[in-house]
Amino acid sequence: NDNNTDDVPEWLKKDLEDADYIPINALEKSQINRENTSSHLEQKENTIKSLEEALRVIEELKDENFKLKEENSKLKEKLDSLNN
Numbered sequence: 001n002d003n004n005t006d007d008v009p010e011w012l013k014k015d016l017e018d019a020d021y022i023p024i025n026a027l028e029k030s031q032i033n034r035e036n037t038s039s040h041l042e043q044k045e046n047t048i049k050s051l052e053e054a055l056r057v058i059e060e061l062k063d064e065n066f067k068l069k070e071e072n073s074k075l076k077e078k079l080d081s082l083n084n
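Position one of the sequence shown corresponds to residue 1 (this note's numbering), numbered consecutively onward.
Check each hint, because a few of them may be wrong.
Keeping only pairs whose Cα atoms sit at most 30 Å apart, straight-line, the calculated DSSO-like set for lysine-lysine is [unchecked claim]:
(1) K67 with K44
(2) K49 with K78
(3) K69 with K44
(4) K74 with K62
(5) K67 with K78
Quick caveat, the hints were computed from the structure, so don't treat them as lab data.
From just these sequences and the hints, can you work out the full model?
If you want it as structure tokens, here you go:
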């Protein structure tokens with residue numbers, strides 16, 4: 001039999017497909033091929049910083065929007081008083 005994959009049980013094939021790392025050598029499981037944990041953490045921190053910045057901008061825009069609405073209603077009152 002030229003095709004050795006037939007000797008591999010289905011459950012093992014599935015496990016290998018789903019694995020988030022591939023052992024370089026079955027005896028050296030500490031050698032894993034996955035994203036470096038520290039760079040992954042750094043990515044998360046950058047995402048959090050970006051979200052915090054976005055939230056800050058949203059709050060500033062809410063404040064500005066509130067001020068503009070107040071100004072708008074004052075201008076409408078002035079306009080109404082001029083029209084009467």
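To see whether the hints hold, each was checked on the structure:
| no. | hint | verdict |
| --- | --- | --- |
| 1 | K67 with K44 | violated, 35 Å |
| 2 | K49 with K78 | violated, 44 Å |
| 3 | K69 with K44 | violated, 37 Å |
| 4 | K74 with K62 | holds, 19 Å |
| 5 | K67 with K78 | holds, 17 Å |
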